[in-house]
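Residue numbers (the working numbering), protein chains in the order written: chain A, 599 to 881; chain B, 171 to 535.
Treat the hints with care, since some could be wrong.
Claimed, not checked - Derived DSSO-like pairs: lysine-lysine, alpha-carbon spacing no greater than 30 Å straight-line: (1) 767(A) - 285(B); (2) 292(B) - 767(A); (3) 767(A) - 348(B).
No wet-lab data here; the hints were simulated from the structure.
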Amino acid sequence: MAAVTGFRRSRRVKVQVFRIVVFGVAAIFFLVPIFAMLEFSTRSGANFTSPRTLTFWKQIFDYPDLVAAITASLQLAAITSIAMLVLLVPTMVWVRLRLRRISRIIEFICLLPLTIPAIVLVVGFFPMYQWMGNNFSDSILTLAFAYLILVLPYCYRALDAGLGAIDVKTLTEAARSLGAGWFTVMWRVIMPNISNAVLNAIFLSVALVLGEYTIANNLLYNNLQVEIAQLGRANAGVSIAVAVAALLFAFALLLVLGFLGRTRRQAEEKLILTYAREMGRSV
Amino acid sequence: MTNEANGAARQGVEVRLENLHRRYGTIVALDDLSLTLAPGELVALLGPSGCGKTTALRLVAGLEDADGGRVVFGGNDVTALPTNRRDVGMVFQAYSLFPHMVAWENVAFGLQMRKVNPEERKKTALEMLELVGLARFANRYASQLSGGQQQRVALARALAIRPQVLLLDEPLSALDAKVRSRLRDEIRRIQLEVGITTLFVTHDQEEALAIADRVGVMQAGRLEQLGPPTQVYSRPATPFVADFVGLTNRLDGNVKSGAVEVRGVSLPLVRPDVADGPATALVRPEAVSVAAEGEAMDGPLVGTVIAVAFLGAVSRVTVDLGDVRVLAQMPTSAASQHPAGTRVRLDLRPDPVLIQREETAPAGA
């Protein structure tokens, strides 16, 4: 018996050590380049002995094109996220309610962009953007149409997992029978119950849009990544500072989303604990 | 629950289903179904899976569109109205509480849709939870309630909006037997207290017979019989109803002059106007008893007890007559005198019976 317990403990320790090692290696893999970028963008010279400076970070605002690109990318991230939610959530709910038979087709269409390289997408987009530029608008914000297609597969998967976790049909029918219109059903019943999935989808959209280079560059728009690449040739320090800032922004966003999810879970757990205590007393 | 909350607005209305027709591809789910529910009446639609009972309820709720026919609430044709404007309260088979709202918020949801002020809707929600005996669970989420409690909150939520019609779509089928029986009685109590016209769909005959004013037995999209529970049970209109509601012995017999002779016993017919000739008589187990000891052990109704099923106050005895097995239901004290292996002679009580003929399924019915 003691031998079995000892074997189990030793196995548990080994698994724990393995986890720590994997986590450590992954952390080094991700953090070292970021640390190097941070170092590079905060030193006045090319080596570790050079004095610290925030010159490159301050210079970000001296490049109006860069500021415009940052603003445009943030706007694109917001527009893409909202458009993605407006397009996908009602469609996916409707398919679950009324058009089950075409769910596979919708899934196929949504996942299709994943299989098409960005450069091929650009070839397809080019004539449309040419037409749009001549007849509608050549604003960088029109990139949102292309980005909407780009984020579809990731957001579809995130939202599909969220919708799969609830009984959409019954909840919708219950709300309808109580007098709710379709907008109320979406806003007051479906959305709150897939909020984690929505947050995940938004995060994926923002991360993809902020990191997108190929489509913008080939369609001749200057978004954040294109501007960083161009700036890298003129002023590598500022370019790296902006890249680090973008990474930190995505990281902060992830933290905020994680915090929101945890707060809700903790609130639920607290209620369940209260319930369990009351039940214990009544027993 | 205050009397105010049970006010006149809650009194039931007449509900008419007129020639409702619904087809899914080549399958006819509802075949010209017509049914009228009197104000404040509870009608249970009973039938096997796929008989169209849930489809009928969903057409009344407006959750599906009819291919033909009308739904009329209190003289108003609501067939073209969407669900959210039909003024129905509905309890579903699946748990349907909104997971992100606590119990009282769930109950208040419908009132909010009707723009009732926040104070009034909280007050009404708590009254409704009181009505179903769950006021102390008002701040619990669905995940913190048992299945039975969730269905009671769903009932309170459906009633809170003071609907014209209450629709219950197998609300007890996900619950265990004890909770189901208790909640069934509670639904009936509340329905009577509130006086709302109610359509209850179930595949459980015991449930339907126990709480309904009238039971409608459905098969293949049509109503086979509609009547009070006692009538449906004791005077089934068709062999299907006799088979589906309760247990039935099928005994070969011969129709002659408005009665059927089964193994030497003449039994009156539910509908005597049928042609003479061979037929199968449908005899309830409770119409079969074991003859007293000392009687002659010969004749076509003598056989061997092969099983005794204890059901509480009554037991069901299976007797093998050689060519057919017959079920007899009797008090457990009587059944205990005839253990398996005993030779017994059966008696048939001369209750009116239905007959069935092979060439025309509902013949004589």
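Non-conforming hints, listed in increasing numerical order: none
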